[in-house]
Amino acid sequence: MTQHLVVVGGGMVAQRLVEALRDRDVAGTWRITVLAEEPRRPYDRVALTSYFSGRDADDLALGDPALWDDPLVTLVRDDAVVTLDRTAKTVTTKRGRTERYDHLVMATGSSAWVPPLEGADLPGVFVYRTVDDVAELRGYVEKLSQDRVVKGAVLGGGLLGLEAAGALQALGAKTTVLQVGTHLMSAQVDLGGGEALRRLINQLGVGVRLNAMTTKIRPHRRGGVGRLELADGGRLDADVVVIAAGVRPRDELGRAADLSIGERGGIVVDDTCLTSDADISAVGEVACIQGACIGLVAPGYAMAEITADRLLGGSSTFPGADTATKLKLSGVDVASFGDAFATTPGALEIVWADPVGGVYKKLVMSDDARTLLGGVLVGDASAYASLRPMLGRELPGDPAAFLLPEGGGGAPELELPDDAGVCSCNNVSAGTIRGAVTEHACTDLGAVKACTKAGTSCGSCLPLVKKLMTTELTKQGVTVSSALCEHFSLSRAQLYDAIRVSGVSSFTAVIERFGTGRGCDICRPTVASILATTSPAHVLEGERAALQDTNDHVMANLQKDGSYSVVPRIPGGEVTPEGLIAIGSVAKEFGLYTKITGGQRIDLFGARIDQLPVIWGRLVDAGFESGHAYGKSLRTVKSCVGSTWCRFGVQDSVALAVMLELRYRGLRSPHKIKLGVSGCARECAEARGKDVGVIATDKGWNVYVGGNGGFTPRHAQLLAEDLSTEDLVRTIDRFLLYYVRTADRLQRTAPWIDEVEGGLDGVRSVVLEDSLGICADLDAQMDAHVDEYEDEWRATLEDPEKLRRFASFVNAPETPDPSLAYVPERGQSRPATLDEREAALRGEPVLVAGTTLEVRS
Amino acid sequence: MTALDVAPVQADVAGWTVVCRLSDLAPERGAAALLADGDQVALFRLVDDRVFAVQQHDPFSDAYVISRGIVGSRRIDDIDVPTVASPMYKQVFALQTGRCLDVAGKVPARGLLPDLSVWPVRVRDGLVEVAR
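Line by line, the protein sequences give chains A and B.
Just so you know, my numbering puts the end of the first sequence at 857, numbered straight through with nothing missing.
Just so you know, my numbering puts the end of the second sequence at 132, numbered straight through with nothing missing.
Bear in mind the hints are in silico, worked out from the structure with no lab data behind them.
Fair warning: there could be bad hints in the mix.
[Stated by the list, open to error] Using 25 Å as the maximum straight-line C-alpha spacing, the simulated SDA-like pairs for lysine to any residue come out as follows:
{"hint": "1", "chain 1": "A", "residue 1": "K560", "chain 2": "B", "residue 2": "Q55"}
{"hint": "2", "chain 1": "B", "residue 1": "K90", "chain 2": "A", "residue 2": "G710"}
{"hint": "3", "chain 1": "A", "residue 1": "K802", "chain 2": "B", "residue 2": "D49"}
{"hint": "4", "chain 1": "B", "residue 1": "K106", "chain 2": "A", "residue 2": "E486"}
{"hint": "5", "chain 1": "B", "residue 1": "K106", "chain 2": "B", "residue 2": "I76"}
{"hint": "6", "chain 1": "B", "residue 1": "K90", "chain 2": "A", "residue 2": "P818"}
{"hint": "7", "chain 1": "A", "residue 1": "K560", "chain 2": "B", "residue 2": "D77"}
{"hint": "8", "chain 1": "A", "residue 1": "K560", "chain 2": "B", "residue 2": "C100"}
{"hint": "9", "chain 1": "B", "residue 1": "K90", "chain 2": "A", "residue 2": "R805"}
{"hint": "10", "chain 1": "B", "residue 1": "K90", "chain 2": "A", "residue 2": "A80"}
{"hint": "11", "chain 1": "B", "residue 1": "K106", "chain 2": "A", "residue 2": "A447"}
{"hint": "12", "chain 1": "B", "residue 1": "K90", "chain 2": "A", "residue 2": "G63"}
{"hint": "13", "chain 1": "A", "residue 1": "K560", "chain 2": "A", "residue 2": "S145"}
{"hint": "14", "chain 1": "A", "residue 1": "K595", "chain 2": "A", "residue 2": "V823"}
{"hint": "15", "chain 1": "B", "residue 1": "K106", "chain 2": "A", "residue 2": "E757"}
{"hint": "16", "chain 1": "B", "residue 1": "K90", "chain 2": "B", "residue 2": "K106"}
[Said to hold, decoys possible] Pair by pair, the computed Cβ-Cβ distance ranges are:
{"hint": "17", "chain 1": "B", "residue 1": "R50", "chain 2": "A", "residue 2": "G762", "range": "42 to 50 Å"}
{"hint": "18", "chain 1": "B", "residue 1": "D80", "chain 2": "A", "residue 2": "D398", "range": "48 to 56 Å"}
{"hint": "19", "chain 1": "B", "residue 1": "D78", "chain 2": "A", "residue 2": "P818", "range": "56 to 64 Å"}
{"hint": "20", "chain 1": "B", "residue 1": "D80", "chain 2": "A", "residue 2": "G477", "range": "45 to 53 Å"}
{"hint": "21", "chain 1": "A", "residue 1": "A537", "chain 2": "B", "residue 2": "D37", "range": "38 to 46 Å"}
Bear in mind the structure is a predicted one, so any value in this text is a computation, not a measurement.
Cβ coordinates follow ideal geometry from the N, Cα and C atoms, glycine included.
Working from the sequences, and respecting the hints, build out all of it.
What follows is the structure in structure tokens.
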């Protein structure tokens, strides 16, 4: 019989519990009701800060949303549980809903702790816990910023306080962190690390006051908060205050129901996560396990897994908390793991500090200096992903080697044991990741992530996941070399640089210098694409013609029957009635099937190769040019109608889209590129589904990058805000060319951003801060592209030599391919199917004709 | 257009048919030709002016497109074998033998053979001739 599990609370740990239980409870023995206080589905609270850098609440969604459509799962939102009756085994919610349970799980989490402080209830004082807190804070700061520079103060210099400070700073507020203790992140980092951290935080423009105890929050004359008073007599002006002074477990239901409560709060559970009532478990931050509540997600996940296992008759127990943490703040790299304070008797500390570079690293080793017990990494936490899984294990060689800057020490390669945890958020071991490769045939990072869930929460382990995967693939003999193909051992990015620097401009020269043989269908189009931006020339110029895929060679899109489709450019989707009539008359004359594309233009299907020049002659005469629908190049810039017509538009999105499309038309790239421009935040152009999406604000343009539709849809992420049109164009110029130069063949912008050095932050620093010093070069390259653009169809029509390539047969140039056959459908023609062709051959009455089929509707 | 005046119907006694001038073929780029019996062949001229003829019909897509594929080479037993890749689903064929070297994860349509038929080709006096 199905039993009823009721989960109180709808946070990350509740989500994990439901996911784990539904995953393993194949027989459906448990029906689950989740009662959540917040009005939304469980979301990634750990990533709250990223909500400031342009992600919206939907981007914080956790796991597969289909979980909530499961018939055995009911999620009740916006309805907090107010009473628990252990005798009747029921819970009742604020809205009066009563659920009877067979087993109850308390997953109520924590609330932000607000110290009893005069003025803590003033408008402008916030906590930092939920999406709503963050949204309100953002709204408040944005409103104040309209007429002054906002001064922000954060009470609390812990993990959350620093993230809140980073968020305030990102909103343009001048921010100060007030820490009661002697140094920042005092729960995770020692004094030396705290000092290095303070310098890094200062470099972000955030002030830090240590030993600063706030005693009062004073209102401003205009209303809202105005000033902080400190215990040492000091004062600090502040228009907005974020209290990040710690969290308290939400154990009130447990207290009222007389469950055993820990000394410092929290519902006491044993190592199986059961409370003092055997029908009730507690998981996550509300659970007082092994004597303490733990405010981290990884131990919460572990408790969820244990509870799911126990509900299905398993016997797992809590192994002890993994309290490793990593600060998620752009530009400040901090990690702490294991026994960071060297409390183990006899523990040795190995410290490496570079005050100039703002780096402090410490490893805590056992008394024989061999076993890794913990560590603190500030300023450069790159070793975190590989060191953390080595906790409690012997490090090979001299531990100091792991602290030296990259390239300086030569730390030995770590071969992780199979049981070493790699992803602590999702509890994935090195062995599971190896298994994804060896047993589930995963060959890329995306597949390994989907298969194991490793790296899908905070992402800090991804470098290690990738390394493990690569090592495993190599062992299997799967070539993970970045070689382009058998003819080039260089990757596309390396080849691009080699060609650009050497200045070679023909395929023969390229392959003689950098490759072997005569190339193939992989490297030839790649070289053609590279040469298109390093030494621009017509696609059919000389030897270039022999490199092009048929689409680029005849400048049309090959379709399944060997005919082609034709797409004239319609910049920004703006077209005159005359233009529409011209396209319509061409389609009618040549019997072409017409369809509106997703990129706001018109596709004409069923053109024979020998008809292409005639069709294009007509289109060029009517003022059209190639739409490059066939190329790995800019496709379209989609736009909404914008402020010229729309009641809500704040900027002229069509004009910008037309300008951008004309600027980047013909730009050859590793894969197709699509842009979108929306005239207001309603986003009717769906710009965030594009490689580059531009959304108007009342101050300028926000630019998002790395979106796409297709097999793995991705929303574009915010690159920069409130840009002027001129800055916007330069930013897109550089973004596109940086992508063109460094992406793999057929790698779209989203996976490129995932893999390029530094991820999105890296792209931002290259494009906006010129961290590689290449921006002048990129700008010149884009200027050259714009100057040298010519319509490749017009140029082809003007050159009889190029037109010879469009003959249907070299010995009968005007004889159509006799194999082509079409049938009418919905007033147009389409390729005949095999059955229809065979029926026609048998003399059955099927209307099959060549491309000139007359369709009468 | 620069088709030869030679009609594509005349074959000499030995079975050789002139199809075009060598100069009508661009190096490393295919061209289709229509033979008298209605067969479509794909002609390929390499950089060393060797010419190959294989069937224009792509057994994997059932369309007449092989001449529009990308020419290249593949290293087999230390020899660079000239190849063409189908423009449709990227199967790779050896130009000399018609052998399918890489099925690219597909099976031929309608139970067709994966390999391409080949035609003997010679170049005489700048003219490309194909025999059956």
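Hints, verified against the model:
1. A:K560 to B:Q55: 18 Å, holds
2. B:K90 to A:G710: Holds - the C-alpha atoms of G710 of chain A and K90 of chain B are around 21 Å apart, at most 25 Å.
3. A:K802 to B:D49: 20 Å, holds
4. B:K106 to A:E486: 21 Å, holds
5. B:K106 to B:I76: Within the cut-off at roughly 22 Å; holds.
6. B:K90 to A:P818: 23 Å, holds
7. A:K560 to B:D77: It is violated: about 34 Å lies between the C-alpha atoms, which goes past 25 Å.
8. A:K560 to B:C100: 20 Å, holds
9. B:K90 to A:R805: 21 Å, holds
10. B:K90 to A:A80: 58 Å, violated
11. B:K106 to A:A447: 22 Å, holds
12. B:K90 to A:G63: Not OK: K90 of chain B and G63 of chain A at ~36 Å, beyond 25 Å, violated.
13. A:K560 to A:S145: Violated. K560 of chain A to S145 of chain A sits at ~57 Å, over the 25 Å cutoff.
14. A:K595 to A:V823: Status holds; Cα separation ~17 Å.
15. B:K106 to A:E757: The given pair, whose Cα atoms are some 36 Å apart, is violated under the 25 Å limit.
16. B:K90 to B:K106: 10 Å, holds
17. B:R50 to A:G762: 42 to 50 Å: With a Cβ separation near 49 Å, R50 of chain B and G762 of chain A satisfy 42 to 50 Å, so the hint holds.
18. B:D80 to A:D398: 48 to 56 Å: With Cβ atoms ~49 Å apart, the hint holds.
19. B:D78 to A:P818: 56 to 64 Å: 42 Å, violated
20. B:D80 to A:G477: 45 to 53 Å: At 24 Å between Cβs, range violated.
21. A:A537 to B:D37: 38 to 46 Å: 41 Å, holds
Hint violations for this structure: numbers 7, 10, 12, 13, 15, 19, 20, all remaining hints satisfied.
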